Amino acid sequence: MKRRRLLLLAASSAVVLLTALPVKTARRPRYGGALRVEIGASVSSLDPTLPTANSKEDAAKEQIDALIYDVIEPKTKFTLNGPFHVTAFESGKRAVLEATEDYRLGRPFVDSIEITMGRPARERILDLELNKTDFAEIPAEDARRAAERGVRVSRSQPDELLVLVFRRSVEPKKTGLAGARVREALALSIDRAAIVNFILQKEGEPAGGLLPQWSSGTAFLFSTTADAVHAKELSAQIVPAPKIVLGYDSGDSLEQAVAERIAVDAREARVQVTPQAVKRELENVTDARLIRLRMQSKSPAAALEGFTDSLAVITGLEATALPDRASPEDIYNRERAIVSSYRVVPLVWLPRVYGLSARVRDWMAPGAGEFWPLADVWLDGPAEPASEEGKQ
Amino acid sequence: MRHKSRICHPLQYAIALAVLIFSFQLIPTQIAHGQTPSTPSSQTSDQRVASPALPTAWSDGVKALAAKIAAAAKPARAISLEIKNISSLGPSDVEGIRKALEAELTSRGLRLGSSSVQVEVTLSENVESYIWVAEIRRGDDRRTAVASVEKGRTPNTTVTRQSVVLHRDLEWQQSRPIMDFLIPDVSPDGRPLMFVLEPRQIVSYHFEGGSWQSSGAFQISVPDHRPRDLRGLIDLVEDLFSFQMSDVRCDGGARRYFELTCSKNSWPAWPVNAGGEERGSVTMVQDRNYFGGDLAVYGEIDVTAPPFFSVAVMNHRDWADWILAELDGKSRLYEKSSKPVAEYVGWGDEIVSIATGCGTDWEVLVSGRGDWTESDYLQAYGTRHSASPLAISDPVEFPGPIMALWPSVDGKAARVVSKNLQTGMYEASKVTVTCSQ
Chain R
1 MKRRRLLLLA
11 ASSAVVLLTA
21 LPVKTARRPR
31 YGGALRVEIG
41 ASVSSLDPTL
51 PTANSKEDAA
61 KEQIDALIYD
71 VIEPKTKFTL
81 NGPFHVTAFE
91 SGKRAVLEAT
101 EDYRLGRPFV
111 DSIEITMGRP
121 ARERILDLEL
131 NKTDFAEIPA
141 EDARRAAERG
151 VRVSRSQPDE
161 LLVLVFRRSV
171 EPKKTGLAGA
181 RVREALALSI
191 DRAAIVNFIL
201 QKEGEPAGGL
211 LPQWSSGTAF
221 LFSTTADAVH
231 AKELSAQIVP
241 APKIVLGYDS
251 GDSLEQAVAE
261 RIAVDAREAR
271 VQVTPQAVKR
281 ELENVTDARL
291 IRLRMQSKSP
301 AAALEGFTDS
311 LAVITGLEAT
321 ALPDRASPED
331 IYNRERAIVS
341 SYRVVPLVWL
351 PRVYGLSARV
361 RDWMAPGAGE
371 FWPLADVWLD
381 GPAEPASEEG
391 KQ
Chain W
1 MRHKSRICHP
11 LQYAIALAVL
21 IFSFQLIPTQ
31 IAHGQTPSTP
41 SSQTSDQRVA
51 SPALPTAWSD
61 GVKALAAKIA
71 AAAKPARAIS
81 LEIKNISSLG
91 PSDVEGIRKA
101 LEAELTSRGL
111 RLGSSSVQVE
121 VTLSENVESY
131 IWVAEIRRGD
141 DRRTAVASVE
151 KGRTPNTTVT
161 RQSVVLHRDL
171 EWQQSRPIMD
181 FLIPDVSPDG
191 RPLMFVLEPR
201 QIVSYHFEGG
211 SWQSSGAFQI
221 SVPDHRPRDL
231 RGLIDLVEDL
241 FSFQMSDVRC
251 DGGARRYFEL
261 TCSKNSWPAW
271 PVNAGGEERG
281 SVTMVQDRNY
291 FGGDLAVYGE
301 IDVTAPPFFS
311 VAVMNHRDWA
321 DWILAELDGK
331 SRLYEKSSKP
341 VAEYVGWGDE
351 IVSIATGCGT
361 DWEVLVSGRG
371 DWTESDYLQA
381 YGTRHSASPL
391 AISDPVEFPG
401 PIMALWPSVD
411 GKAARVVSKN
421 LQTGMYEASK
431 VTVTCSQ
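Residue numbers (the working numbering), protein chains in the order written: chain R, 1 to 392; chain W, 1 to 437.
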């Protein structure tokens, strides 16, 4: 009985190894095949000029649009004749894109892309496990679980910043906050390592500055460790005890978990934080908010300018432009100035995580500001029919 | 004993099977691990073997940082200095920087030792450059100084093993894609000459003052839409150059001036070179990245070839055989006919034959497996045992995929275009094969 179990174990280990490791063949791209893609959002229209219902649809639509439009200037000028063209579209459900033979940068390697919309994360991961799809985005917090279940996982460099921001309208008189001291006490109370280790399952990095270490090279100069003792000292100086309503996106489970964790940490420092789910149109009801900022460029200067523009609208911070050819020192000083205001409290850096089937080749996780490079991937498997011509 | 052996028998089979399958899966993985790109540490260490001084950019960085530290430390005459490394620099690099920084600070009148002014230097890096940061603390006062330093180039590498030595010389690197490059043996004015074929132009360079200087460019009129995996090749027979790409070809003179005639969308035959002035020919399949159909090799052999990515021709006195790296990931050996006589697995898509005279007639250089997201290597195989060619060198590593591999004009070396995944630069290298001792 024991032997049989060992036999089964040995055989099953072999099968697991066979399925878990991607197949290796030679490297030059092959043409042909249909790439199956699943996304969580439901995209109602591919017209780039029409508005979207939420940020998730917006992000997904941007990715699909990049496949079918030749983007001349992002968000302003588009022409058709992208690497793919739409051959079928069911609003909010599915889209089929076919390779454009005369695309100016070369015909994509795959013949078509079949996009299924509205698939929740759990089902996307299951479909990856069952080889029912070739490509899907995975929430960072689910990446470890997916990898443990045999899904081939690809991660970008961390380029999305989850940040707590105090809104522009929050004035000490109105809310009873003693300004910078309350914000500093809250910032010092947050245990970022716990957010990364437990909520994100070690996916991502604690953030102290507004740029990740790989981009700026100076992120290590910003502390990411909690200082509960100093936080308590600061909050003790404020009477009455400060109360903060912290908003998070009602459809974002990660933001919810982080907001709840912040409330626990803040309580230790005698700051009362009340997490509250909010919809986009009701953002103004909270004192502070969790938001996600995605880097629009790998360049530290460009990324920081993009962030400061977004943050200026919410927090009222002055969006001073960096000098031309800003040096690393200029960039660091600008970051330091923003973070020292405690109106912006960086929390964690998140990578974008993708699940891939074993047959997807030449996949490179897109960098900051880049789109899914699906025109560059190719599918391992039987060669396209044309390639057989010479054998006849 | 027999009883024990009988009990273990099925289990041994199962374990053996599992180990066998595991090994099959691991072989490429191990190779991939062996392809770890050269780190800046090895790069700079290698550079320093030839020259004990720091690279100029590093010396400049040290000077800039020292100046900032000295300014921030004033009026103190002594500082304590600590250096921390969180970049990809290796210990020998860090030691070199530390010594240079200490010397620079001392030359600025600062004494190093215990002091109330503490300076902690962190060697960091970002996506663009090395970032060297000094934190200067004096009591509660804390200042920060930053210097950025350009990252260096990939070194030349030599790999010795078994019966041949592979040596890679990095000739040129640039951010724009390189299709192929060529350094003719002789130039009209005696100055070394190099041509770099890019997707839309041919650029000529002359070697002057220790580096290649651009001396001319020829713009190529190209079709509106082009293959995504565009391929290119430069060939030279006597004084006639041929600059070939998937969808356009330019022929003519180029030694003194560009006197080229180009034809686009004509899908002309590509030359097949195995040394000497004789050329075979092969045709690229339209809008694709592979060849197929008519293949002419030496000894007046014309065959219909299956689709393939690259060919290695072994030209003998009165006959030739050839290996095709085919689309199914296997390479096959052919002798005089369209029927393969041997099949090789485990090779990449880029192969080229080199005549070195190291005991075997020809060596075949073979790229690694994987895809364009991984590092790569070239390894030499002997062709004497045609049924199962043996690796006769260690792999020479490339920090990114090999995009093009062609024989040199004399057939005794290989031209390699690769993409460095660490720097994003396209690198043109010459790989030579010499007999080991």
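Source of the hints: derived by calculation from the structure; they are not laboratory data.
All of these numbers come straight from a predicted model, not from anything done at the bench.
Certain hints may be false.
[What the hints assert, rightly or not] Computed footprint of chain W on chain R; a stretch qualifies when at least three of its residues, placed anywhere within it, have a C-beta under 8 Å from a C-beta of chain W:
no., segment
1, 29-43
2, 52-59
3, 188-198
4, 261-272
5, 295-303
6, 350-363
[Claimed, not checked] Derived list of chain R stretches under chain W, where covered just means 3 residues or more per stretch with a C-beta under 8 Å from a C-beta of chain W:
no., segment
7, 95-104
8, 218-225
Don't be surprised by glycine CBs; every beta carbon is placed ideally from N, CA and C.
Each hint tested on the structure:
Check result for the segment 29-43 of chain R against chain W: holds, 3 residues qualifying (beta carbon to beta carbon below 8 Å, three or more required). With a threshold of 8 Å between beta carbons, the proposed coverage of the segment 52-59 of chain R by chain W is violated, since 0 of its residues qualify and at least three are required. Here's how the segment 188-198 of chain R fares: 0 of its residues keep a CB closer than 8 Å to some CB of chain W, so the rule of at least three is not met and the hint is violated. Chain W is given as covering the segment 261-272 of chain R, and this is violated because 0 residues of the stretch bring a CB closer than 8 Å to a CB of that chain, at least three being needed.
With 3 residues bearing a CB less than 8 Å from a CB of chain W, the segment 295-303 of chain R meets the requirement of three and the coverage assertion stands. Look at the segment 350-363 of chain R against chain W: 3 of its residues bring a Cβ nearer than 8 Å to a Cβ of that chain, three or more, so the hint holds. For the segment 95-104 of chain R, the assignment as covered by chain W holds, since 4 residues bring a beta-carbon within under 8 Å of that chain's beta-carbons and 3 suffice. Judged by the Cβ-Cβ criterion of 8 Å, the segment 218-225 of chain R is covered by chain W as claimed, because 3 of its residues qualify and three suffice.
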